[in-house]
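*Asks:* Once you've looked at the hints, dock chain B against the given chain A.
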Amino acid sequence: MPSLCRACLKTFDAGARCPACRSPRVTAHPELFDLSIAHMDCDAFYASVEKRDNPDLRDKPVIVGGGTRGVVSTCCYIARISGVRSAMPMFQALKLCPEAVVVKPRFDAYVETSRAIRAMMAEMTPGIEPLSLDEAFMDLTGTARLHGAPPAVMMARLVKRMEEELGVSGSVGLSHNKFLAKIASDLDKPRGFSVIGRAETQEFLARQPVRIIWGVGTATQAALETAGIRTISDLLRWDRRDLGARFGSMGDRLWRLARGEDQRAVAPDHRVKSISKETTFNEDTADPDILDGHLWRLAVQVSDRAKAKDLSGRTVVLKMKRADFSLVSRRHALGDATQSADRIYREGRALFDAAGRVGPLRLIGIGISDLAPAAVADRSGDLLDPDATRRRKTEAATDAIRARFGTDAIIKGRALR
Amino acid sequence: MKISIERGTLLKAVGQAQSVVERRNTIPILANVLIEAEGNTVSFRATDLDIEVVDRAPAMVERAGAVTVSAVMLHEIVRKLPDGALVALEGDAASGRLTVAAGRSNFNLATLPKEDFPVMASSEYTTTFTAKAAILRRLFDKAKFAISTEETRYYLNGVYMHVATGEEGPALRCVATDGHRLARIDAPLPDGAQGMPGVIVPRKTVGELRKLLDDDDADIAVSVSETKVRFATTQITMTSKVIDGTFPDYSRVIPTGNTRRLEVDATEFAKAVDRVATVSSERSRAVKLSLDEDRLILSVNAPDSGAAEEELAVAYADEKLEIGFNAKYLLEIASQVDRENAVFLFNSSGDPTLMREGGDTSAVYVVMPMRV
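Protein chains in written order, with my numbering: chain A, 1 to 417; chain B, 1 to 372.
The following block holds chain A by itself, in its conformation from the complex (with noise of 0.2 Å):
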């Protein structure tokens, strides 16, 4: 069987150990060097970073996150093992791992390391698609001669140089879809490398649970086990347009990524069109106060992804889709661009409220398009809103409390509604 080892790039037939340096991290897969769409993924990058930086850090268990009201953002590995998970409260983390050491998030070296790390990746492929900061997916389709090696034996390079060069590991998969490579990097963090071959793509997948199809939130899960759908393999039996009639364009999207079948491109440059997020209520709800409570939430998280992407929006758009899956949406052009919460809050909100009665709704969601970058964004005041500066300076001192101590940190009361 095709074998790779990790720690001298070796190729060879067999073997569990390598044949020259006798390393036992070995990767053997019958497609091995066939696969060539990968997704490379940082392990505990914020948290590799620190211990990168501060030597002493490194046999500690290391949080990095906000103060003590704050969240986890990224734990290393020793604080996993006492259950320490990203996103948890602190205290709780603090809790549960009493030794740890706290470190506040230092974005300017995470972004120079990222910088590096995407150097190395230009250098064997122009297919880059980053996702963030610690991961991307690289398309290395045809790159074979050029480097004089396959695809696997590439990214294990790249990752080996990652370790040599910047001092921070990630883990690869590697397989012939965007949705598998992603999938694959998953299996065997940290310092992982895993394959999913064609062959044996539809026996693994029905092994999985649905929640592993990205964009299955809580939500969609819910709905899918009322629907008696937790596996992968209960997706298999339904038929597909029993799917699409269920959950609409989800459904179909289900049908096709439950067969593993993922046309999607690695797309270098993939140019943001617009920025929405969307909520699917585990009961449909026709209840203004509600809806307002998920409004806010909803544009402070498409805010937060404009502003962390540099870009803001000239269109606001107010998405609602009925309990009869029929769905209503409005828009409205702004006279100038905007990224703020408050403002696409308000602009989403007046849609709303001029929608009229549109009935209990399953879904809700808002966004912006007509995209502009960050620097012409809120360039001009309201004349008859004259508290609009004092909102926009409020908002820029939450933002400023959210980036040190965690996006709970400081909320406004509507968004416990």
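Just so you know, these hints were derived from the structure itself, not from any lab. Check before you lean on any hint, since a few could be wrong.
[What the hints assert, rightly or not] Computed, partial: chain A to chain B, Cβ under 7 Å: (1) 336; (2) 350; (3) 379; (4) 380; (5) 381; (6) 382; (7) 383; (8) 384.
[What the hints assert, rightly or not] No farther apart than 20 Å at their CA atoms in a straight line, the calculated lysine to aspartate or glutamate pairs in the DMTMM-like style are these: (9) B:204 x B:115; (10) A:160 x A:186; (11) B:328 x A:382; (12) B:12 x B:22; (13) B:288 x B:244; (14) B:288 x A:382; (15) B:2 x B:115; (16) A:273 x B:309; (17) B:211 x B:50; (18) A:393 x B:351; (19) A:160 x A:203; (20) A:309 x B:168; (21) B:132 x B:48; (22) B:288 x A:336; (23) B:320 x B:282; (24) B:320 x B:309; (25) B:328 x A:186; (26) A:412 x A:304; (27) A:309 x A:163; (28) B:144 x B:244; (29) B:241 x B:50; (30) B:144 x A:382; (31) B:211 x B:48; (32) B:271 x B:332.
Quick reminder that beta carbons are idealized off the backbone N, C-alpha and C, glycines included.
*Replies:* Relative to the frame of chain A, chain B by itself:
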């Protein structure tokens, strides 16, 4: 109905009618103009259910009667007839057709029953006064650029006409704003206008009204109620619903403590703004004003496309200031200035800026700055 009418007179009347009818509407009769002949007058009535315009013209009436016919089509026909032609309109009740004849041209148009034509309910006008066309023209013309097109703030989609205490005493005042700029124009209060309810005159009405106001000395009879406003000359009566909403309290928006004073030739200023804005390809082009003693530097810096700078000699004696504006807004308010210099009054780079036309206290403009 059978009438003969001079082509020029007909063209003007039908022109007014066809501009009121909605191009896209689902009610066929609303595309028509109602022609009514009696005595030696013909009236042309058109409506979009929000505005109704009635134009009366002299004609030779051989047989009194009424007919409705497509306003746009009749206008097109009359427009294409030779100047000076005498046009005969004859309605045939039996066939339901209207014949339009001029010289050797003959047209036969479909009609709709006159009974179906909606007539706007009359209103109890509480205030009636007369004003010269020139006065009303100035009030609306200078304010209308600031009307908002945002449907979410429908109450800004018009000009707020009301009675106010102006800087020179009681005034008939027109205000429009879209939240980015505001125009406040005053005229001495005409007799009889005291106690007039404030009304928001819709954008379309403001546009249509303009056609009534060409003749400076014409007397315009204005009637106002809570829900309607009517403007009438001897020939034309235009009635419009007003926007059912509350115009925001604009007075708190107009800055009173702006002390930094810039005086500049409005035309030169507008030309310079227009020139430097050329290099920006953004939709909202931002122009930076850098003010120092008697010197104004206008600059635009668009990283993607280029940069531009122009210096103007101005009168400015206050502290240095840098402030940005949307070029379009600056151009529009600068073009409101007729004869005098434009006088800008600034506070800080984040506060609303005031503009006046020289020493004229009857027109005030406010514009919101933009971060640059």
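*Asks:* It remains to establish, for every hint, whether it holds in the given structure.
*Replies:* The hints, checked one at a time:
Proximity of residue 336 of chain A to chain B holds as hinted, the smallest CB-CB distance being about 6 Å (cut-off 7 Å). Interface hint at residue 350 of chain A: satisfied, since its Cβ lies 5 Å from the closest Cβ of chain B, which is below the 7 Å cut-off. Residue-level restraint check for residue 379 of chain A holds (minimum Cβ-Cβ distance to chain B is 4 Å; threshold 7 Å). Against a cut-off of 7 Å between C-beta atoms, the interface hint on residue 380 of chain A holds, since the closest Cβ of chain B lies about 4 Å away.
With 7 Å as the threshold, the beta carbon of residue 381 of chain A comes within range of chain B, its nearest partner Cβ sitting at about 5 Å, so the hint holds. Satisfaction of the interface hint for residue 382 of chain A is found here, the shortest Cβ-Cβ separation to chain B being roughly 5 Å, below the 7 Å cut-off. Hint status for residue 383 of chain A: holds, given a least beta-carbon distance of 5 Å to chain B, under 7 Å. Given hint, residue 384 of chain A at the interface with chain B, holds; its Cβ is 5 Å from that chain's nearest Cβ, closer than 7 Å.
Only pairs whose Cα atoms come within 20 Å are accepted, and residue 204 of chain B paired with residue 115 of chain B is rejected, the gap being roughly 26 Å. About 18 Å separates the Cα atoms of residue 160 of chain A and residue 186 of chain A, which keeps this hinted pair within 20 Å; it holds. Proposed proximity of residue 328 of chain B and residue 382 of chain A is supported: the alpha carbons are some 16 Å apart, at most 20 Å. Simply put, residue 12 of chain B and residue 22 of chain B have alpha-carbon atoms about 18 Å apart, close enough for the 20 Å limit, and the pair holds.
In summary, the hint linking residue 288 of chain B to residue 244 of chain B is not supported, as the alpha carbons are separated by about 39 Å, beyond the 20 Å threshold. Distance check on the hinted pair: residue 288 of chain B and residue 382 of chain A sit about 19 Å apart at the alpha-carbon level, within 20 Å; holds. Between the alpha carbons of residue 2 of chain B and residue 115 of chain B the distance comes to roughly 18 Å, so the proposed pair stays at or under 20 Å and holds. A C-alpha spacing of about 34 Å is found between residue 273 of chain A and residue 309 of chain B, which places the hinted pair above 20 Å, so the restraint is violated.
In summary, the hint linking residue 211 of chain B to residue 50 of chain B is supported, as the alpha carbons are separated by about 17 Å, within the 20 Å threshold. Annotation: proposed proximity of residue 393 of chain A to residue 351 of chain B holds, straight-line Cα distance about 15 Å (limit 20 Å). Only pairs whose Cα atoms come within 20 Å are accepted, and residue 160 of chain A paired with residue 203 of chain A is rejected, the gap being roughly 31 Å. The straight-line distance between the Cα atoms of residue 309 of chain A and residue 168 of chain B is roughly 53 Å, outside the 20 Å bound, and the hint therefore fails.
Restraint check for residue 132 of chain B and residue 48 of chain B: the C-alpha separation of about 27 Å exceeds 20 Å, so the hint is violated. With a C-alpha separation of about 17 Å, the suggested pairing of residue 288 of chain B with residue 336 of chain A holds against the 20 Å cut-off. A hinted pair counts as satisfied when its Cα atoms are at most 20 Å apart, and residue 320 of chain B with residue 282 of chain B does not qualify at roughly 27 Å. Between residue 320 of chain B and residue 309 of chain B the alpha-carbon distance is near 17 Å, which keeps this suggested pair within the 20 Å criterion.
Proximity of residue 328 of chain B to residue 186 of chain A is assessed by CA-CA distance (about 53 Å); at most 20 Å being required, the pair is judged violated. A threshold of 20 Å between alpha carbons decides the hint, and for residue 412 of chain A with residue 304 of chain A the separation of about 15 Å falls inside it, so the pair holds. With a C-alpha separation of about 28 Å, the suggested pairing of residue 309 of chain A with residue 163 of chain A is violated against the 20 Å cut-off. Proposed proximity of residue 144 of chain B and residue 244 of chain B is supported: the alpha carbons are some 18 Å apart, at most 20 Å.
With a CA separation close to 5 Å, the supplied pair residue 241 of chain B and residue 50 of chain B stays within the 20 Å bound. Proximity of residue 144 of chain B to residue 382 of chain A is assessed by CA-CA distance (about 19 Å); at most 20 Å being required, the pair is judged to hold. Between the alpha carbons of residue 211 of chain B and residue 48 of chain B the distance comes to roughly 17 Å, so the proposed pair stays at or under 20 Å and holds. Straight-line distance between C-alpha atoms of residue 271 of chain B and residue 332 of chain B comes to about 11 Å, which keeps the hinted pair within the 20 Å bound.
When held up to the earlier numbered hints, the structure conflicts with 9, 13, 16, 19, 20, 21, 23, 25, 27 and fits the remainder.
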